[in-house]
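**Q** As a plain string of letters, each chain reads:
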Amino acid sequence: MSADAATHDDHTPSMWDWRRWVFSTNHKDIGTMYLLFAIFAGIIGGGLSGLMRWELAEPGLQVFNNGFWGNEHNYNVATTMHGLIMIFFMVMPAMIGGFGNWFVPLMIGAPDMAFPRMNNISFWLLPFAFILAVMSMFVPGAGGDMGFGGGWVLYPPLSTSGHNGPAMDLLILSLHIAGVSSILGSINFITTIFNMRAPGMTIHKMPLFVWSVLVTVFLLLLSLPVLAGALTMLLTDRNFGTAFFAPEGGGDPVMYQHLFWFFGHPEVYILILPGFGIISHIVSTFSRKPIFGYLGMAYAMVAIGFIGFIVWAHHMYTVGMPVDLKAYFVAATMVIAVPTGIKIFSWIATMWGGSIEFRTPMMWAIGFIFLFTVGGVTGVVLANAGVDQALHDTYYVVAHFHYVLSLGAVFAIFAGWYYWFEKIFGVKYNSLFARLQFLFFFVGANIIFFPQHFLGLQGMPRRYVDYADGHAFWNMVSSWGYVVMLIGMAFFFLVLIDAIIRRRKADANPWGEGATTLEWTLSSPPPFHQFSELPKIK
Amino acid sequence: MIRLPASQNTRVALMAAATSITMVGAAFAAVPLYNLFCAVTGYGGTTTIATGEAGAILDREMTVLFDANVNRNLGWEFSPVQRSMTVRVGETALAYYTATNITDHPITGVATFNVAPFKAASYFSKLECFCFTEQTLQPGETVQMPVLFFVDPLIDEERRLDDVHTMTLSYTFFESEGDAASSDAAP
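As they're listed, the protein sequences go chains A and B.
Counting in the numbering used here, the first sequence runs from 1079 upward without gaps.
Counting in the numbering used here, the second sequence runs from 20 upward without gaps.
Do not rely on the hints blindly, as some may be mistaken.
DEER-style ranges, computed between Cβ atoms [claimed, not checked]:
hint: 1; chain 1: A; residue 1: Q1467; chain 2: B; residue 2: I68; range: 49 to 59 Å
hint: 2; chain 1: A; residue 1: E1136; chain 2: B; residue 2: F56; range: 43 to 53 Å
hint: 3; chain 1: A; residue 1: Q1467; chain 2: B; residue 2: L180; range: 43 to 53 Å
hint: 4; chain 1: B; residue 1: L180; chain 2: A; residue 2: F1216; range: 47 to 57 Å
hint: 5; chain 1: B; residue 1: L55; chain 2: A; residue 2: Y1406; range: 17 to 27 Å
hint: 6; chain 1: A; residue 1: A1405; chain 2: B; residue 2: A75; range: 13 to 23 Å
hint: 7; chain 1: B; residue 1: G44; chain 2: A; residue 2: E1435; range: 46 to 56 Å
hint: 8; chain 1: A; residue 1: F1384; chain 2: B; residue 2: L52; range: 13 to 23 Å
hint: 9; chain 1: A; residue 1: F1606; chain 2: B; residue 2: T41; range: 36 to 46 Å
hint: 10; chain 1: A; residue 1: E1435; chain 2: B; residue 2: A48; range: 29 to 39 Å
hint: 11; chain 1: A; residue 1: D1471; chain 2: B; residue 2: L52; range: 19 to 29 Å
hint: 12; chain 1: B; residue 1: R179; chain 2: A; residue 2: G1537; range: 29 to 39 Å
Covered stretches of chain A (in silico footprint by chain B; criterion: 3 or more residues with CB under 8 Å from a CB of chain B, positions within the stretch not fixed) [claimed, not checked]:
hint: 13; stretch: 1135-1148
hint: 14; stretch: 1257-1266
hint: 15; stretch: 1269-1279
hint: 16; stretch: 1315-1329
Note that these hints are calculated values from the structure, not bench results.
For every residue, glycine included, the Cβ atom is placed at its ideal position computed from N, Cα and C.
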């Protein structure tokens, strides 16, 4: 076996050989494909949000007026698909599929994932799921209107009797396939992390990114099947005459909400936890200090994952819950602030007294910590059932979850992107462009989402194509913020183009002594097969 | 390349796969569990079905308000005969609703129900109710539909329910989905 591996080491297949990618069993190649897929899906998901901000820039109908693209229904299709694409086809592939595949084996000193062929299937299911989702936008959804416009939560009866066309069926199939992909990926990660750590790497010596992926994939394994079950019930309610969610047949639409949010709440932690891992490494690297409170950091993530399963009904305060039940969910939800606070304060304590270097990834990481904290604070506000009664389904909620996801998860992805760019692609990037991207992103994203708090407090509801004139000012501001963020994205692509053209050879470890994890002991890019000789961890 | 025995990887993978399959099962188990949970706790205003009359009649009085709703797809008129009724706790009372089919074809309907405040719902006991079965109305037909109920005297032993002096019984009629509906309609 080892002799075989040695001969493989010297021949890295050509980049232009299609079989290298389609038949790939190499965790690094698959990780790269995940990252490129996430960028592609992100362009489409981000484009949809551009249409929404364009529409909402002024009162009245600008875009969805039967002129440019469809009618008011298509605005709701855009919000729905923006949410689903960003969650299932951008953030999850980037964090878990991309960085997870790349760096979990490298960080634990493993030669590859435990099941390389299953890894290939996990990836290649995703483009097909994505194609189905995009197709659903262009087939009849509700009556003659194209696409499914019921929001990413897919609540019945709008997703059953409300959308009689095939759009919703395509969407269900798409999410089923994406779910299977994620579950297979999760099984792979769990096996890899449990069985393939290098000698000496005990579970309490694992890098925090590996910890974060481990917790994330457990959440996926426990929550995604529940979504699959709920989606199957939607499918049979729609097509086979069952009445799981139809009161006229003895069902209950509220049960869907319970099932959905039993998945949905862990899902938002799935989106952010790998980001926590990435940020820990970056903060530690550029403060030249080991992470403060390593065990606390690891078990804070475990605690967040656990509590994430017992707070789901705080998304449903308005369905008519007894007061006592609301009281429980309020209290349980606020408890999440404790482990999250442990993480925030440990990052700050790591920086405290460190010799901090403001390299590009560190700027993104500090931006993440600040913005995530803002989103966390509004989260505690929304956790109150009484307050939520007024703010439910307003732009305040939109602002809250974009601060933790669009500005939290996405900033973490870009932080990881610039932290590992040289390691992944083997070339340096132009840090001036990358910093300009950060600048425009930070300013733009805040201009987009901060005013949405005001709009929500003024009572502007989510998922409407138009609004009262009184909301005009902050909507205009928010839409200009999108333009600023778009300039940031232009710099992102400029970084890519610059890196492709200049091809400056990367260093094995560009970050110096602060970068202590195993991936920095390898060349950049790492050899096609690594760790034929397993590293020993002291 | 050093590999652990494949069987160990397979074992972990199978355990993980079994976990995810169990969770799919748990999602479907939610259906009966949800019904059970509602019936036991009165969650969402689920009332109790009683087999016999209450053991005792107390002096405490309870005003019961009657509410009626019709799903917009159902061509019926549906209303309570009496707006409200004051009963003693434990006393068995009979209330009527009236329904008219205003279309020109027979329609089978089924009613869902709840009681507000939710915290008291499990103490609202029905002996007989039109909501236990489907109702078929011929074109133009009007029927009076009875509800035989009492408020469980055990309500007096719950301190947190001392402030409950009014209960609202609400029905919503839907067009029956046909065969699939009949067995599940009356939990």
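**Q** Hint by hint, say whether it matches the structure.
**A** Do the hints match the structure? See the list:
1. A:Q1467 - B:I68: 49 to 59 Å: At roughly 32 Å between Cβ atoms, I68 of chain B and Q1467 of chain A fall outside 49 to 59 Å, so the hint is violated.
2. A:E1136 - B:F56: 43 to 53 Å: Cβ of E1136 of chain A to Cβ of F56 of chain B: about 48 Å, so the range 43 to 53 Å holds.
3. A:Q1467 - B:L180: 43 to 53 Å: Cβ of Q1467 of chain A to Cβ of L180 of chain B: about 23 Å, so the range 43 to 53 Å is violated.
4. B:L180 - A:F1216: 47 to 57 Å: At roughly 55 Å between Cβ atoms, F1216 of chain A and L180 of chain B fall inside 47 to 57 Å, so the hint holds.
5. B:L55 - A:Y1406: 17 to 27 Å: Holds, at about 19 Å.
6. A:A1405 - B:A75: 13 to 23 Å: violated, 32 Å
7. B:G44 - A:E1435: 46 to 56 Å: The hinted range 46 to 56 Å holds for G44 of chain B and E1435 of chain A, with Cβ atoms some 51 Å apart.
8. A:F1384 - B:L52: 13 to 23 Å: Since the Cβ atoms of F1384 of chain A and L52 of chain B sit about 21 Å apart, the hinted range of 13 to 23 Å holds.
9. A:F1606 - B:T41: 36 to 46 Å: The hinted range 36 to 46 Å holds for F1606 of chain A and T41 of chain B, with Cβ atoms some 38 Å apart.
10. A:E1435 - B:A48: 29 to 39 Å: Violated: the Cβ-Cβ distance is about 53 Å, outside 29 to 39 Å.
11. A:D1471 - B:L52: 19 to 29 Å: Holds, at about 28 Å.
12. B:R179 - A:G1537: 29 to 39 Å: The hinted range 29 to 39 Å holds for R179 of chain B and G1537 of chain A, with Cβ atoms some 33 Å apart.
13. 1135-1148: violated (count 0)
14. 1257-1266: Since 4 is at least three, the answer is holds.
15. 1269-1279: Coverage by chain B holds here, the residue count being 4 at a Cβ distance below 8 Å.
16. 1315-1329: holds (count 10)
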